[in-house]
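Asks: Next come the chains, spelled out residue by residue.
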Amino acid sequence: MASAVPYDPYDDLDNNPFAEPQEDHEPIATTTDGSSSTKEEQASTEEATVSDQATGAVNSAQEELGGEESSTLSKSATKQDGDNPLMAQPLQRDILPERSDEKKKYTLLVKVSGLERFGSTTGKKENPTIVFDCSTNLPSFRKQQYKNVKKSYEEFHQLFKYLNAAIQESFVPTLPPAYTSFGINNEEDKTKVSRNFQLWFNRVSQDPLILRNEEVAFFIESDFSTYTPINKSKSLASGLRRKTLKQLAPPYDETTELAEFRPLVKSIYVVSQNLQEKLLKVSKNRKIMVQEENAFGQDFGNLDEHNKLYKRYGKILTAVGDIDSIIATMDMATFYDGLEWVIRDSYVVKEALTNRHFIMRNLNQAQQNSKAKQEQARRFRSRRDINPMKIDEALRQLKTATKDEQVLTLKLQRITSNMLIERKQWLAWYEEWIRNSIKEFTLRKIEYERKKLTLLERVRSDIRKADENGGLSRLGRHAVSTNNTDTSQTVKGDSWTGENNRKSQIPINKIAHTEFDDELFTEDDGCASQESDTTSLNARHAASLLGMSTK
Amino acid sequence: MDYEENLEAPVWDELNNEEDSTQNAIPNSSEPVGQSPAHGEGGTNLSEASTSLGDGTDLHTAPKWKDPGLSIADNLLVEEQEDNHDSKANALINSLAPEKDPIADLKNDATQFLAMKGSGDALFSGNANSPLGFDDTISNGDTSMSANSKSISGRRSGKPRILFDSTKSQRNSRRNHSLKTTKTVTSNNASKSPFIDPLKKAEKENEFVEEPLDNENMNEKKEGDEGDTAASAKKSILEQVDKPLYNLPQRAANTTSPAKAEGNSKKVGDTKAGPNVPSIKQDFNVEVKDPVKVGELTSIHVEYTVISESPLLDLQYSQVSRRYRDFRWLYRQLQNNHWGKVIPPPPEKQSVGSFKQDFIENRRFQMENMLTKISQDPILQKDEDFLLFLTSENFSSDSKSRAYATGSGAINDSNDLSEIRISEIKLLGAEDAADVLKNGGIDADLHKGFMSISFTSLPKYNETDEFFTEKKKKMDELEDSLKKLGKSLEMVDTSRNSLAASTDEFSGMVETLASLSVNEPNSELLNNFASAHRSIKSSLERSSLQETLTMGVMLDDYIRSLASVKAIFSQRAKLGYLLVVIENDMNKKHSQLEKMGQNIHSEKFKETKKEFLTFERRYNLTKMKWQEIGERIRDEFQNFSIDKIREFRNGMEISLEAAIESQKECIELWETFYQTSL
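These protein sequences, in sequence, are chains V and R. In this text, residue positions in the first sequence follow UniProt numbering: the first is 1, and each later residue adds one. In this text, residue positions in the second sequence follow UniProt numbering: the first is 1, and each later residue adds one.
Please note: incorrect hints may appear among the correct ones.
[Claimed, not checked] Okay, derived cross-link-like pairs now, DSS-like style, lysine-lysine, Cα gap no bigger than 30 angstroms in a straight line:
| hint | chain 1 | residue 1 | chain 2 | residue 2 |
| --- | --- | --- | --- | --- |
| 1 | V | LYS246 | V | LYS234 |
| 2 | R | LYS289 | R | LYS483 |
| 3 | V | LYS311 | R | LYS471 |
| 4 | V | LYS465 | R | LYS471 |
| 5 | R | LYS537 | V | LYS278 |
| 6 | R | LYS537 | V | LYS281 |
| 7 | R | LYS537 | V | LYS465 |
| 8 | V | LYS111 | V | LYS147 |
| 9 | V | LYS311 | R | LYS474 |
| 10 | R | LYS484 | V | LYS465 |
| 11 | V | LYS124 | V | LYS243 |
| 12 | R | LYS487 | V | LYS281 |
| 13 | V | LYS403 | V | LYS232 |
| 14 | V | LYS465 | R | LYS474 |
| 15 | V | LYS308 | R | LYS644 |
| 16 | R | LYS472 | V | LYS308 |
| 17 | V | LYS125 | V | LYS284 |
| 18 | V | LYS308 | R | LYS487 |
| 19 | R | LYS589 | R | LYS604 |
| 20 | R | LYS472 | V | LYS311 |
| 21 | R | LYS604 | V | LYS311 |
| 22 | V | LYS284 | R | LYS484 |
| 23 | R | LYS373 | V | LYS278 |
| 24 | V | LYS311 | R | LYS356 |
| 25 | V | LYS124 | V | LYS147 |
| 26 | V | LYS308 | R | LYS474 |
| 27 | V | LYS411 | V | LYS399 |
[Said to hold, decoys possible] Partial chain R-side listing against chain V, Cβ under 8 angstroms, derived:
| hint | residue |
| --- | --- |
| 28 | SER495 |
| 29 | SER498 |
| 30 | SER502 |
| 31 | THR503 |
| 32 | LEU516 |
| 33 | ASN519 |
| 34 | ASN522 |
| 35 | PHE529 |
| 36 | LEU545 |
| 37 | LYS606 |
| 38 | CYS666 |
Everything labelled a hint here was simulated from the structure, so no lab data went into it. The beta carbon of each residue, even a glycine, is placed where N, CA and C say it ideally should be.
Looking at chain R on its own, in the form it has when it is part of the complex (with noise of 0.2 angstroms):
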């Protein structure tokens, strides 16, 4: 075996992907079973395991149809796999979108890699720690990768295809990372690219004509925006030189070191850059003024001016005008891009008196709070849609061609910021999903024939991992009493605005008696016991707004924050409902096989084998962004907590600072007029 095999090997995929579109992914992935030469043998050859397989387990076919899948015919790790479900998860997800320290990681790794690779498990925590590992030491040279052969093939019981095997994974492991991102993208190009411009068409023909620099074009581009990489070869290019030049030297690096770059490793190498950019933050200042009211009845509304700065941006500097809208807009976007992470939330909606000054303000400072967050986010802020929001000066087309191509339904979102949308485009790829629509979406079965169908055979999603039902609950906990606190503290805000109302009245009256002028020092004493009166009526006044901006603000950015990591939450529940729908598809569409496991070669097992096939291919697909989005829920659920835990602290410590302060004004006011005046 040697590179250029390898290096073909993509290119059949992809080859095989147009023609069967892409269903053949996973399927493909176990072709180290069987010989690389036989590539094109390998439908028939899954197929006919396939039906083996299913002979020997009939119940636990899906199961065993996606370990070979994954664990890439390692059995190993398909043991590891079946024991520690969470770890296997967790080290797929972590070499698939590298986010802790990804660079230190590359440094580190051919070292480390060595060190660890004495024992199978060693290994994979090796590869799961470290994702730039297999890249590096094949890329760092000979020594490296006959080591790692080695110590593979001692644990492999020599089996002579480890090279093979080891670099399969990697493209394995690439395409794993594709068929979340990139593939499914590029299958969205499909369906979207109609809807954008003839240009974008023709370039994507182009594409699938030049697939191998496609895929390395798709990798580089992923740089801008890892959920979407949907764009021609052309437009990729473009991007590239419109890009800043920030990840070229970063890129660079990445090639260059490798001794002996080979094609296929430096592709993979330039994979693994991909991802490795979005994690440096760039400098990023947003900024949300001057709100105007603009239109006429019907279509009044309320435009603010997005000003923002950064290297990301085309022209280092932007300023657009967005509605309330727009904002959402970004918010259910990026919640589309980007499964399993919490988006800074925009405010809540809000139908009556929103044009209100002090509203107004209230909503501006929110937003421009949900912008600098996202521009904060070493993820977020590379993502096309929020660059978009940034610079397009079409905004409300193109917003609506990009929720139309990514199927994000941001046009018309729910009230609700926890309610969320699952993109069959980006879950099973453009042309599949353009078929599932087709048919009513994924669980459409269900609800066609709901009548038809027995209550019971109604499939059902129990989360199985209790840490998602535990924090599940715990969440709703803290948002009810989160809720609670933030009415009590309306409400004490608004007795404390009566109160402060009455005391004015109060030192009106007071001054009343006092111009009676019964006598000098009479009138003086009242005089100066209303003025009292009403420095303290400013000063709770002034604590009022303090609190409502601290304490408030606070409370009400915790609960929307709330809402958005419920999304998160609700995704994973939304993409285990439709793996149980997509399982149970496939397990009649096997059974059925099975039925007709004897006649292999007549039409209709051939229709339904393809069926099969589509449906395993989905299943496969939304089991592992189900697995992954669970994981992305732990990391994201774990910083979302101690960052919000922080901040309510702040925000404690803060408002407890002003009552202290405002207490302290009050006692002097009272000490100056007990002085003064008594």
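With the rest of the complex left out, here is chain V (with noise of 0.2 angstroms):
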């Protein structure tokens, strides 16, 4: 990998083969970089030496500091960087302008009003349009007001992606999923997938270096599916070097909410990632169990072609089936998708703050190169005889590299004051997030659960009619009423609970009866064949089984 990287001076102190081949730690990185900076101590210079003891953890760093002769150097350096946090806070107008006004000056209001879906599969798919009313007072658009705008989502994706290149501050927003496990072409999908874009329109305009990007204006104002970003982005480093990158140590970085946070972020990654495995797992056994059930309620219909119980039985047990089927369908469409979103968040801000390191990186260097400058002019002072072109020289060199310093400090401050404030939001909106999403699959979960209930109770006097001593009757259940309206959850409450004054009972009551809910119950009273009933599941069962072949 080596192989790749130009050649750097101080890179390759980093570049041991002894440190720990991860980015995220300081900690587990300081035993081997303790070892590791004996032995380089002979061949590099003093100052690289000191730089690889600040990149190592503070305890390490202070112990070494006692026996170096060249302490004050390091000290120096050490000290400029512990101010950092100091000076960002009283400096934070200074440093963060945009987040200097208060009042928000500059506000940006969009509504998301639509979504379509057009064009081939794949594009209605993976490329729908948003469409969306916006009212602002930034200076870089064009006027104040704009409507209907619309925008595919490719062109949204073009724009995240300058934006994240772009605004190294900030924890770019990324877009959420452009489609939903409901499959494509229904309500739900449509509803959801608009509220998500409403949602990040929402995180964006709360951004001020976002908004000022002026970037944002050139998307809006851009014509349907013809922006593409006007200036150009680069990333610090992509690809292979990039890759190569993250396998050094990160940097010493004093900013402890910051240094914690990336790993943290990094785990919310990967168990987000397993976790949407196992909830994938679960639905998926689930609809096989849908499809066992569904099988087996047929068998049971079929057990007799004369007996209207047994059909009627059956029938019940594949309409519970089929609620089953839509359960799977929300669980992922519900957790699934919300884990994605997270997914895709913590992706992105785990690279903004690798970003963050490339640049404490880049600023280490920058200081060492720098104080070599120094080094080489106080030489050129304490010698009479030189060539004046060649203290020009050296000057000029040591202005520049104290002016890269400089920008860079300058550049990591804005950077690590932005940020832990945006990593405050970010981890008030991951909760939130997490908190709907759980929300959101429970209160469905319910509302699937109490319909299979009323389902199952609806059969339930038939068997009971059709022997009057049977089953549970010989336990002494006579009290199961025959009447067929005979349920167990009223609008009182549940009949198995004693509480019945529940605080959210009207919003479970009026989840209980969904106009879904009517055409189902209505549909099965009306005549004893289900099949209608069948048919309004399936096109929700066909859009469930769609989302799931894509999966």
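Mind docking these for me? Both chains are given alone in their own frames, and the hints should help you get the complex.
Replies: Below you can see the structure in the form of structure tokens.
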């Protein structure tokens, strides 16, 4: 891997083979660094050693500082770094002018009004068109109101890619998935995707750095399907180089919040992926179960051609199976899709933090560079007979090096302070989002489990009627009335719990009786056959199957 | 005619039996045609009659021969039988093996009978409905007797031997009964006893000396074991002593109530009381528990402790250990003892994984179920083999000897519960069966000469009664769909379990996410989420277990019971097949006989004649069994269907209720999670 990297005298320190090949943590790197640093001491310059120690954990750095002769320099270096957070607070106005207007001078209000899917099958799915209205007072826009702006997902993606690379200070929110597990071309999918885009716009417009980027204006003002980023953005490192750099131990980070943030985000990323996988498995298993349940129901129906009871029971079983299939889809559409956004976002956050590491590393290099130049200038000063040309050259080099260092320092400060703010926001978003996903998941679950119960209770009286003295009546369960409308779930609450006045009873009831519910129940009440019922399920079923197959 | 003569008749029969190896039993029943003093000539008389009849109707020989035998020389009945086979058979079986509340019949009988005997049909049906009618009326005294005789005489256009005929017919019917049960088994005894013990053999010899007594004993013994009265006088006495006293008062009531109890009628009364008793259900508790693995390597198997408690047992209580094989033996044995009865089936054989814990438990449950059902059946609970099964200390040898003695083939039974074996011993009686077996079975000729006989001449049994073909078809269909249902239930179960497993994994992963402790509320939420999923998982597992225990066990039971039902259908089919084979043989002999019709006194004629009679006897026996089993199957099938449908619905309801409950639990879980965490 080293061959691909251009030679960098200071890089190979970090590139030592003993270093842990992970990009996260400093503490692990300390021990190897300690041993390697002694070996490197003879070979490399003093400054290199110091910088190496600087990358190590605070402890090891402190220890070795006592033993080193030229500790002053390193001290100044660490001091400078260490001052950053302190400086960031009072200087935030200077470092982050965008964040300084508390009154939120500039706003961007976006209201997503619709979603259109057309074109080829894949286009429909992967590249929907989002329709939105926009109102803003940003100077970069030519007017304040934009109505019915249509942008394809592809364009959004372009914008995101540009913003993500251009704005290194922020965690640019990732785009929500272009489609949901509901499958495409249904109402749920439409509302869900639109809502997700609304959430995305909300997040974007909360970030002043993104708002002030003129590319946002270009994006909104461009015609449908014509937008490409006008400015060129370049990422710090990409491809193989990025990969290699990521293998290096992360530079010492005195901002502990951010130092710890990256591993956390990475774990979230990894665990969420695993979780998604498990959920997919659950869902798949449930679908298999649905198939079996349906087969069981059908077999039950076929048991005796002339027996209506068996038929009815079989049909109810099949319908219960169908509801299970809906539940499986709902599981996917709520929690799986929720996790999807978490995964995408956490990946971007992780990479943004990696970029910060790169900048830190660049800064370290720049600092060493400027120190080297300073040293050179000092040496020149001690000597009398020196070529003035050389002195000029040395001075110029010193100047550029110092300037580089200053620029990088400033940039790092800016990034660090912005990220500290965004970190909190992101964590809040994450928590909120997970909560919402779980909430939606639970509500859907409750809704459909209740429907299942209602279905099961419907056939109960039929079975009882068939055999008055059978089954549970032998256990003295005469209390079960033969009334067909007998259900255990009423507006007053659930018959099986003592708590009747639950706080959330009203929303639950609303959920327990959706229009889908009514449709399902009236149809199977109306006539003995539930065929119309199953067809009503079929659209959903088919959609869910479509959703499944692409996963 | 007085009763003394009647009393003598069976003695003669039995003697004759002994000489002719019981082959005259049925022909003898046509005696009344001739005169009772002419007993000695009975054989020749009959042969003459047979030839003359044969002359008249060559083609229909068999039916013609059968008719006098079965209808007790009553022309009216002959007609009746020809017209209405079913009702006749029904009546016969009812009179022979009363099953429907015979005591009630006993009480009402006299009046009912008197009321009904206005017409011939009424008499007949009265006879059918109330098997004890004859006994009662006769034993109730002169009046009813004379009334009876009068009515019959009126009907019979003044034949002098009415009274005799009526008693004769009883005796006949009783003999028919014993043909089915007693007699065959008596002869069973002959072949069986050598294998049991010398004592029994001696007893058996005794038996033949004390003919009438033995007869009585046999009849009494039937109480204990209808299918197998294979015991000697001593043994039956012993048994009587050993047997609970419950049937004594019963018989006492029976025998004392008649004002003038004649020897014969008393005997008849006893015979009738015999089958009465089994229909009274006794308390019976059976438990199967403590499966223990025993043996090593090749002989490794699981033994279960069978504990039973009942007044039917010698000591009221018994505890033995049995293995799976023994349960199958019991099934086969009962099947053999009670043709046409649906025997509660044992669990299916399974060669792999038979030592897994839940498999053993499942099997234990099913076997307990089987024993409980047997013990709840008024007839099966008194089966000697069942009691042997429950009590025998040395079961492995006892079971073998029993299986051998009855020819049930219970030791090497087929895996398929619906496959059956018709015991020649039970069908034809021991001596004849021994003959038959020596020649390689009833249909041996067919197998032997398979290559020489043209294919067309192979007899084929066609079920004549639509009832059976239709029901058989229906049952096959039902079995198919039940099997399918069972399979899909199993699949549901497996998929539900894998869902539970993946849910578990999922909640584990959620916990991992929670352990990242991004922040406090988030971790708590995720932890709760995970635990909700864990509860869902255990609820899933529970409901899957529940489903297996209710629906699964029920379906399994249903399927196995169907196999048992199919077994009785195949019993009929097999009997029918044998019937055809024997008829074939008989007809052959008959035509042979006819050819030799001129020289009646030649040695060869006598030989052929004897053979013919043997075949004829076999034919009649088989035919009767065949009809009998048909009737019984109808009855059993009806009961079975009703029982099973009821059971099935119960199962449906229970599993539905379980589903509803687990659904409620599930909702409650999510609600609680929602309340507390969101």
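Asks: A separate judgement is required for each hint: does it hold in the structure or not?
Replies: These are the hints, each one checked on the structure:
Of the supplied pair hints, the one linking LYS246(V) and LYS234(V) holds, its CA atoms being roughly 18 angstroms apart against a limit of 30 angstroms. With a CA separation close to 28 angstroms, the supplied pair LYS289(R) and LYS483(R) stays within the 30 angstroms bound. Restraint check for LYS311(V) and LYS471(R): the C-alpha separation of about 21 angstroms stays at or below 30 angstroms, so the hint holds. Between LYS465(V) and LYS471(R), the direct Cα distance comes to roughly 27 angstroms. Compliance with the 30 angstroms bound is thereby established for this hinted pair.
Restraint check for LYS537(R) and LYS278(V): satisfied, since their Cα atoms lie roughly 14 angstroms apart, inside the 30 angstroms limit. The suggested pairing of LYS537(R) with LYS281(V) holds, with an alpha-carbon distance near 14 angstroms, which does not exceed 30 angstroms. The hinted pair formed by LYS537(R) and LYS465(V) fails the criterion: a straight-line CA distance of about 33 angstroms is larger than 30 angstroms. Between the alpha carbons of LYS111(V) and LYS147(V) the distance comes to roughly 10 angstroms, so the proposed pair stays at or under 30 angstroms and holds.
For the hint pairing LYS311(V) with LYS474(R), the CA-to-CA distance comes to about 18 angstroms; that is within 30 angstroms, so the pair holds. A threshold of 30 angstroms between alpha carbons decides the hint, and for LYS484(R) with LYS465(V) the separation of about 26 angstroms falls inside it, so the pair holds. A distance of roughly 34 angstroms separates the Cα atoms of LYS124(V) and LYS243(V); the hinted pair therefore is violated under the 30 angstroms criterion. Annotation: proposed proximity of LYS487(R) to LYS281(V) holds, straight-line Cα distance about 23 angstroms (limit 30 angstroms).
As the CA atoms of LYS403(V) and LYS232(V) are separated by approximately 24 angstroms, the hinted pair is consistent with the 30 angstroms bound. Between LYS465(V) and LYS474(R), the direct Cα distance comes to roughly 25 angstroms. Compliance with the 30 angstroms bound is thereby established for this hinted pair. Taken as a hint, the LYS308(V) and LYS644(R) pair is honoured in the structure, with Cα atoms around 17 angstroms apart against an allowance of 30 angstroms. Using a Cα cut-off of 30 angstroms, the hinted pair LYS472(R) and LYS308(V) holds, with the two alpha carbons roughly 23 angstroms apart.
Under the criterion of a C-alpha separation no larger than 30 angstroms, the hint pairing LYS125(V) with LYS284(V) is consistent with the structure, at around 21 angstroms. Taken as a hint, the LYS308(V) and LYS487(R) pair is honoured in the structure, with Cα atoms around 22 angstroms apart against an allowance of 30 angstroms. In summary, the hint linking LYS589(R) to LYS604(R) is supported, as the alpha carbons are separated by about 12 angstroms, within the 30 angstroms threshold. A C-alpha spacing of about 23 angstroms is found between LYS472(R) and LYS311(V), which places the hinted pair at or below 30 angstroms, so the restraint holds.
Note on LYS604(R) and LYS311(V): the hinted pairing is violated, with a Cα-Cα distance of about 69 angstroms set against a maximum of 30 angstroms. Our distance criterion of 30 angstroms between C-alpha atoms is met by LYS284(V) and LYS484(R), whose separation comes to about 23 angstroms. Restraint check for LYS373(R) and LYS278(V): not satisfied, since their Cα atoms lie roughly 47 angstroms apart, outside the 30 angstroms limit. Taking the CA atoms of LYS311(V) and LYS356(R), the gap is near 36 angstroms; set against the 30 angstroms cutoff, the hint is violated.
A distance of roughly 23 angstroms separates the Cα atoms of LYS124(V) and LYS147(V); the hinted pair therefore holds under the 30 angstroms criterion. With a C-alpha separation of about 18 angstroms, the suggested pair LYS308(V) and LYS474(R) falls inside the 30 angstroms cut-off, and the hint holds. Proximity of LYS411(V) to LYS399(V) is assessed by CA-CA distance (about 18 angstroms); at most 30 angstroms being required, the pair is judged to hold. Proximity of SER495(R) to chain V holds as hinted, the smallest CB-CB distance being about 4 angstroms (cut-off 8 angstroms).
With 8 angstroms as the threshold, the beta carbon of SER498(R) comes within range of chain V, its nearest partner Cβ sitting at about 5 angstroms, so the hint holds. Given hint, SER502(R) at the interface with chain V, holds; its Cβ is 4 angstroms from that chain's nearest Cβ, closer than 8 angstroms. Checking THR503(R) against chain V: minimum C-beta separation of about 6 angstroms stays under 8 angstroms; hint holds. Checking LEU516(R) against chain V: minimum C-beta separation of about 5 angstroms stays under 8 angstroms; hint holds.
This hint holds: ASN519(R) has a C-beta 6 angstroms from the nearest C-beta of chain V, less than the 8 angstroms allowed. The restraint placing ASN522(R) at the interface with chain V holds, with a minimum CB-CB distance near 5 angstroms, inside the 8 angstroms limit. Interface restraint check for PHE529(R): the shortest CB-CB distance to chain V comes to about 6 angstroms, inside 8 angstroms, so the restraint holds. A hinted interface residue such as LEU545(R) counts as satisfied when its beta carbon comes closer than 8 angstroms to some beta carbon of chain V; here the least separation is about 15 angstroms, so the hint is violated.
With a least beta-carbon distance of about 60 angstroms to chain V, the hint placing LYS606(R) at the interface is violated under the 8 angstroms criterion. Checking CYS666(R) against chain V by beta carbon gives a least distance of about 5 angstroms; that is within 8 angstroms, so the hint holds.
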